[in-house]
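Modelling step: build the complete structure from the supplied sequences, incorporating the hints.
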Amino acid sequence: MDDSAIVDLYLSRSENAIDETAKKYGGYCMKVAENILHDRSDSEECVNDTYLRAWNSIPPHKPKMLGTFLAKITRNLAIGKYRGENAQKRGGGQVALALDELAECVPADADDPAEKVTDDIALRVAINRFLASLSDDARLIFMRRYWYLCSVTEIADDLGVGESRVKMSLLRSREKLRAFLEKEGIVL
Amino acid sequence: MKKNERLLDVIGDANDEYISESAPGKVKKKRKNHSFAKRFALAAVIAVFALVLLTAVTGAAMIHHYLGLIKTVEGGEPESVIPPENEDFEAYDPDDVGADDLAAPPAPEKSPEDINWASDVEEPVGGSELLNILIIGQDRREGEPRQRSDSMMLVSINTETKKVSLISFLRDMYVQIPSGYSDNRLNVAYKYGGFPLIKETFYKNFGIEVDGCFECDFFDFIDIIDILGGVEITLTEKEAEHMTTYMGTPAEAGTHLLTGEQALAYARIRKIDSDFQRTRRQRTILMTLFNRMKSANIIELHRIAESILPKLLTDMDDSMKLDLLTKLLPMAGSMEIATYSVPFEGAYEAATIRKMQVLVPDLSAIRDKLENEYLPK
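Chain order of the listed sequences is A and B.
Each number in the numbering used here comes from the position in the first sequence (counting from 1) with 154 added on.
Each number in the numbering used here comes from the position in the second sequence (counting from 1) with 12 added on.
Quick caveat, the hints were computed from the structure, so don't treat them as lab data.
These numbers come from a predicted model, not from an experiment.
Cβ atoms here follow ideal geometry from the backbone N, Cα and C, with glycine treated the same way.
Among these hints, one or two may not hold up.
Stated by the list, open to error - Below, a list of computed lysine-lysine pairs in the PhoX-like style, where the Cα atoms sit at most 25 Å apart:
(1) A:Lys330 / B:Lys175
(2) A:Lys330 / B:Lys83
(3) B:Lys283 / B:Lys83
What the hints assert, rightly or not - Some chain A residues near chain B, calculated using beta-carbon distances under 7 Å:
(4) Ala257
(5) Val279
(6) Met297
(7) Trp301
(8) Ser305
(9) Gly316
(10) Arg319
Claimed, not checked - Each pair of labels, with its calculated beta carbon distance range:
(11) A:Arg167 / B:Gly37: 30 to 40 Å
(12) A:Asp273 / B:Lys367: 37 to 47 Å
(13) B:Glu249 / A:Ala257: 22 to 32 Å
Encoded structure:
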């Protein structure tokens, strides 16, 4: 079913909306949640919460791209759950690794301690400008790693390239991100 | 919330198109060379015949085609010259320093007036019979202006005796930059004035007459190495430890088959020791590649030519390129290569000049060594 048709179901408060959503995007959302949580039942719970969140937010929202709209919700919920349950202890989690890697991109503290933390909107604009500045390949790899929290091995296998190429690309993108944030005067 | 966690969150707000285009499972696999190897086999046999035929029938045309792939900038992009009034002095970069450099006592401060340069050479060191090609390695992306040259390697060829010397010149050498610039690091010459200025700089300081230059990006070597199926390199314990990040599995000292990216990472190692060792690693890779290329088949050679040549930049015009090729081709199978590095032990002094950590070369000693030992006889 078309995204717009599914969104219409939400707008007319038809409960088929959830079924159609699950049919079309259930697997996608599950993948997003499992990458973060590494636990089937936690991930299922997360995906079900995603449907509920969607049901409650359409309307007023009328997402143009339903898939990414849902995936964003799932990602937020899963990261929240991960933090809440301190899931690091489960091991094998890509979130802890990705966070370590992202720590490299945090710009050096500003000289002026009174400098205000950059607000969310400005930060979002900056990140998207950074993403736009990457080559298509570099952006794809960056997003796979830090949006979808896929492991390097998985990314390499998927793209049919060597792991070292993936790592090298990530390394370069992280260096670029840090330089970019510093240049833009972003305070995290 | 920790700063990196905030970063992870805000990445979550990426534009929909970026999220959607990168969704797992959505992107098709790039063709991996070995995955279509079988289909490729028959095609390869046909292609070999076709190529052999083509080369025989239209040898001259093929050579012309290959040479035409190399970009020529005669006069070396004069529009992008940085005039002497805009010169700068790269201070100490703590990220680009090797462990051995850090362990050494800090170099004594010197003022530019303290340096006594040897007088200019009267005739080219090594005579004018040698064919001297300078390879300038840099990490420039398409559309970017010239950068400082990361590595400079002189390929000096004696076409009579078929002997070749591969000589690295360290970028941290403090040299005289002609045409009105202040004395500075060797690696700024290319950035400021392109091929013409780096050639003048080599002549003024080392007495070497460079016939032609190639600029290449070390990243391009990835392709050659991957086409040839990797290079075998012997890693020391420290190198292996450093390489573990790039190898996927913990690496041990010993001989490894490195992929293109791994070889590149290897060529760039500096942190564990020094720039001397880094240039040694670069020469090792080039030598190994060269030896491997000798046994490459025509398909591999063709793919290498098609992939690499368009990425090279040179100041040689078509007739010079052709001249170089006709001199090199007959000796390809039988040349003897020796490798060296300038400056060598005892021919330099570490110093801090204008806040730059540099090596002040003893130019007379270096010219003597080049003349009597390093350049091919």
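Now for the hints, and whether the structure bears them out:
1. A:Lys330 / B:Lys175: 43 Å, violated
2. A:Lys330 / B:Lys83: 29 Å, violated
3. B:Lys283 / B:Lys83: 34 Å, violated
4. Ala257: Since the shortest Cβ distance to chain B is 4 Å, the answer is holds.
5. Val279: At 10 Å from the nearest chain B Cβ, Val279 (chain A) fails the 7 Å test, so the hint is violated.
6. Met297: Check passed: Cβ of Met297 (chain A) comes within 4 Å of chain B, closer than 7 Å.
7. Trp301: 6 Å, holds
8. Ser305: 11 Å, violated
9. Gly316: 5 Å, holds
10. Arg319: Holds: closest Cβ of chain B sits about 5 Å from Arg319 (chain A), inside 7 Å.
11. A:Arg167 / B:Gly37: 30 to 40 Å: 32 Å, holds
12. A:Asp273 / B:Lys367: 37 to 47 Å: 38 Å, holds
13. B:Glu249 / A:Ala257: 22 to 32 Å: 28 Å, holds
Going through the hint list in order, the structure does not satisfy hints 1, 2, 3, 5 and 8.
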